[in-house]
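Enquirer: Each chain, letter by letter, is given below.
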Amino acid sequence: MTDQLSQGCPGKQNSDPEKQMQKVIESTDISKAFGSTKALNDITFSVDESEIFGLIGPDGAGKTTLFRIIATLLRPDNGEMKVLGQDCITGFKELRRNIGYMPGRFSLYQDLTVEENLNFYATVFGTTVKENYDLISDIYSHIEPFKKRLTGKLSGGMKQKLALSCALIHKPKLLILDEPTTGVDAVSRYEFWAMLAKLRQHNITIIVSTPYMDEAMRCDRVALIQNGLILSVAPPQKIRDGFSRKLFMIKASEKYKLIIALRKYPGTVTAYPFGDSVHVTFSDDRIDESLFRFLSEEGLSNVTAGETEAGIEDRFLELMEKGATA
Amino acid sequence: MNEKVIYVKNLVKKFGSFVANDNLSFEVFGGEIFGFLGANGAGKTTAIRILSGLSSPTSGEVFVAGINASKNPEEIKKQIGYMSQKFSLYEDLTVKENIMLYGGIYGLSKSLIKERTDNLLEKLNFREYGDKLIAALPLGLRQKLAFSIAVFHEPKIVFLDEPTGGVDPITRRQFWEMIYETAARGITVFVTTHYMDEAEYCDRISIMSEGKIVALDTPENLKKLYNAGTVEEVFIKIARPVNN
Chain A
1 MTDQLSQGCP GKQNSDPEKQ MQKVIESTDI SKAFGSTKAL NDITFSVDES EIFGLIGPDG
61 AGKTTLFRII ATLLRPDNGE MKVLGQDCIT GFKELRRNIG YMPGRFSLYQ DLTVEENLNF
121 YATVFGTTVK ENYDLISDIY SHIEPFKKRL TGKLSGGMKQ KLALSCALIH KPKLLILDEP
181 TTGVDAVSRY EFWAMLAKLR QHNITIIVST PYMDEAMRCD RVALIQNGLI LSVAPPQKIR
241 DGFSRKLFMI KASEKYKLII ALRKYPGTVT AYPFGDSVHV TFSDDRIDES LFRFLSEEGL
301 SNVTAGETEA GIEDRFLELM EKGATA
Chain B
1 MNEKVIYVKN LVKKFGSFVA NDNLSFEVFG GEIFGFLGAN GAGKTTAIRI LSGLSSPTSG
61 EVFVAGINAS KNPEEIKKQI GYMSQKFSLY EDLTVKENIM LYGGIYGLSK SLIKERTDNL
121 LEKLNFREYG DKLIAALPLG LRQKLAFSIA VFHEPKIVFL DEPTGGVDPI TRRQFWEMIY
181 ETAARGITVF VTTHYMDEAE YCDRISIMSE GKIVALDTPE NLKKLYNAGT VEEVFIKIAR
241 PVNN
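Respectively, the protein sequence lines represent chains A and B.
Those letters in the first sequence? Residues 1 to 326, per the numbering used here, in order.
Those letters in the second sequence? Residues 1 to 244, per the numbering used here, in order.
Isolated chain A, as found in the complex (with noise of 0.2 Å):
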């Protein structure tokens, strides 16, 4: 396989076809245990140039392991993962240059202010910060005024747009970001991927892991991962609408009494709570008066009741449950 990034000329690499249809990841049955611990299962995808790509997936689904050998950091037992045309064990010098990379834990030097973590990174990569600031404007801009303060003292959010600019400063054509929004406020989090859907202008790839089931709906495709094995890749829309029975959300003045009412009843399937309602499915299909009479024997009051469209949160769960392929 010829290595393709090596031989085009910069200038000429985007009229390239055979380049335009390269992945920019390419995972094949990969796999990688520690110990008896089986933590990635014959992982098989692909992601797509300027693809927002996301992967969903509880604590402990493998979406780190995988990370850390899209980032030529571990390898893997068995399969073969190509990033940007390259394998990433025989190719990870030139990979390391092209991609990167904000893992779980913020990455940043807390002991140096965030001008010094920015020229450091930019430093180790053989770049300056003048030399791509056009890249990170946009974000840097909102802490740049704090920038001789010390990036310990920095709140959640502010840490996340630093490290976010210091993973792009060296102008990376995959951006790999892990949980890049837990623990951090609603209002930033917003921002953050106001960011992140500008970078595609850039031509930047990005894959990132996510908790939060409102960020999958703002990706390209999303891939759900639980217990090393892949679920579903396939846009967060096409997920959302594969849910398999009719919803219905309903309401009462107390919550904890309704939900465990409603698990009582004969005909419920399953039943989650979702913010001020509850989430149900019937084996019918259906609500008739039994269920509101019900419900009015069990003590709950100002009951309302009606369908509702599956989000994209309630195919996951019903996934979860199964453990099945969408």
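Honestly, the hints are just simulated from the structure, not real lab data.
Misleading hints may appear alongside valid ones.
[Unchecked claim] Calculated pairs, DSSO-like style, for lysine-lysine (alpha carbon to alpha carbon, straight line, at most 27 Å):
#, chain 1, residue 1, chain 2, residue 2
1, A, Lys257, B, Lys4
2, A, Lys147, B, Lys14
3, B, Lys86, B, Lys212
4, B, Lys237, A, Lys251
5, B, Lys237, A, Lys153
6, A, Lys148, B, Lys224
7, B, Lys14, A, Lys251
Starting from the known structure of chain A, fit chain B onto it as the hints suggest.
Expert: Showing chain B alone in chain A's frame:
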């Protein structure tokens, strides 16, 4: 259950000239699930540390379980439970060892510890995990266990600091059912979270922004007040992230 388990009036906490808590006033009642929200850096952790007896106010009145936090912070620790994401259990001890350790620290008798340990393991379906190291358990199970241990001594209030971060949607919901059940037993639950759907499970929520409380009410009322469909929308409207 109209007992005021937490009473705060004009709480101020300063670090040098920086005002982390700026005149906070609020009350929390027995058996309530109270959501304490705010952007990173808004001052939540500072307030929780004062309520847990770990830090003292600069000025203002703070009473937790009827105890004056400025005068008797040590007494408070006996009346509360605490669980945070960063630290909850000793990884190199087993499930049973952790329970025994905390039971001992809370001052429970050996026989009471044994009895409650059996109940706890039964309830959580943890029989097979009793002698497993915490390090070997996945996050979701750890969090459930940590929560059970935090209320092992049946305190008046339990403080939960982002208890469900990173945990999958099924386990998160199971965790919240444990919270519901705990509150139904009369234990007040004071919880911070970044999951806005979890805010909807609370009886009342407060939102902090830049050291002040900018909203305090039931999720329903706040949504009406701010013309929002979800608590997330309310949050985005009024909680500014701290840019410093």
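Enquirer: Hint by hint, say whether it matches the structure.
Expert: Hints and how they fare:
1. The hinted pair formed by Lys257 (chain A) and Lys4 (chain B) meets the criterion: a straight-line CA distance of about 24 Å does not exceed 27 Å.
2. A hinted pair counts as satisfied when its Cα atoms are at most 27 Å apart, and Lys147 (chain A) with Lys14 (chain B) qualifies at roughly 24 Å.
3. Note on Lys86 (chain B) and Lys212 (chain B): the hinted pairing holds, with a Cα-Cα distance of about 25 Å set against a maximum of 27 Å.
4. Note on Lys237 (chain B) and Lys251 (chain A): the hinted pairing holds, with a Cα-Cα distance of about 25 Å set against a maximum of 27 Å.
5. For the proposed pair Lys237 (chain B) and Lys153 (chain A), the alpha carbon gap of about 26 Å is at most 27 Å, so the pair holds.
6. Of the pairs offered as hints, the one joining Lys148 (chain A) and Lys224 (chain B) is violated, with about 43 Å between alpha carbons and a cut-off of 27 Å exceeded.
7. With a C-alpha separation of about 43 Å, the suggested pair Lys14 (chain B) and Lys251 (chain A) falls outside the 27 Å cut-off, and the hint is violated.
Violated hints for the displayed structure, listed by number in ascending order: 6 and 7.
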